[in-house]
Structures are given as C-alpha cells and as structure tokens.
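Asks: Start from the sequences and build out the full structure, keeping to the hints where you can.
So for the sequence shown, the working numbering puts the first residue at 63; every next one is plus one.
Bear in mind the hints are in silico, worked out from the structure with no lab data behind them. Note that the coordinates shown come from a computational prediction; the quantities given were computed from them, not determined experimentally. Among the hints, erroneous ones may be present.
To be verified - Cut-off 25 Å, straight-line C-alpha distance, at most; resulting in silico cross-link-like pairs (DMTMM-like, lysine to aspartate or glutamate): (1) Lys104 to Asp129; (2) Lys65 to Asp121; (3) Lys65 to Asp102; (4) Lys65 to Asp129; (5) Lys66 to Asp121; (6) Lys66 to Glu105; (7) Lys65 to Glu105; (8) Lys104 to Asp91.
What the hints assert, rightly or not - Pairwise CB distance ranges, derived in the manner of DEER restraints: (9) Asp70 to Glu105: 25 to 35 Å; (10) Pro64 to Thr106: 30 to 40 Å; (11) Pro64 to Thr90: 33 to 43 Å; (12) Gly111 to Thr69: 15 to 25 Å; (13) Pro64 to Glu105: 31 to 41 Å.
Yeah, the Cβ is synthetic: ideal placement off N, Cα and C, and Gly gets one too.
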Amino acid sequence: MPKKATTDHGEIIHFAGRLRLFPVASRTDATQVRLASRDDVKETEVRVGWPTWFRPFIDRRLVFLFDETGGQAVTRAEADA
63 MPKKATTDHG EIIHFAGRLR LFPVASRTDA TQVRLASRDD VKETEVRVGW PTWFRPFIDR
123 RLVFLFDETG GQAVTRAEAD A
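Replies: As structure tokens, this is what we get:
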C-alpha cells in the first residue's frame, strides 16, 4: 500500500483515532513526539494534547507520512523523495 504524506491536522487526528492512538511526548523533551497506543507508552513519555503534539510539526516543518498500518514524521524533503 502506498504511503501518503499530509500536514492536515484533522487527517492526522482521524488516522490516530482509527488506530486507537493518542499523542505522547518525551518527559524531558516535548519536541520528541509520537503516536502511541495504551499499551505502548514508555515510562519516559507522557500523554499530551494535540496542540503540544503538533507544535514540532509546525516549528520544524514536518509532514506526517502514513499508510493504513502506521505512520511517521518526516521532513518535507524526505516525503517528496
């Protein structure tokens, strides 16, 4: 299945909801964010709200690269490659 790149916050939130994921960030560095499931949160992470989770995307101009099974944050150049 081909991957899709997006910066649309609503599309990312919808994707996370379909897979029952929520935003988490590192306890020591709030710019280190990812999506996690309830059983996947590490002791070094804390659940955060969507505005906190999207801040690194905005500041570092990241895009969310995903398919129906998972996703990752990459730079725009990496997504275009």
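Asks: If a hint holds in the structure, say so; if it doesn't, say that too.
Replies: Okay, the hints, checked on the actual structure:
no.: 1; hint: Lys104 to Asp129; result: 24 Å, holds
no.: 2; hint: Lys65 to Asp121; result: 23 Å, holds
no.: 3; hint: Lys65 to Asp102; result: 23 Å, holds
no.: 4; hint: Lys65 to Asp129; result: 5 Å, holds
no.: 5; hint: Lys66 to Asp121; result: 21 Å, holds
no.: 6; hint: Lys66 to Glu105; result: 30 Å, violated
no.: 7; hint: Lys65 to Glu105; result: 30 Å, violated
no.: 8; hint: Lys104 to Asp91; result: 14 Å, holds
no.: 9; hint: Asp70 to Glu105: 25 to 35 Å; result: 32 Å, holds
no.: 10; hint: Pro64 to Thr106: 30 to 40 Å; result: 33 Å, holds
no.: 11; hint: Pro64 to Thr90: 33 to 43 Å; result: 35 Å, holds
no.: 12; hint: Gly111 to Thr69: 15 to 25 Å; result: 18 Å, holds
no.: 13; hint: Pro64 to Glu105: 31 to 41 Å; result: 35 Å, holds
Hints 6, 7, counting from the list given before, are not met by this structure.
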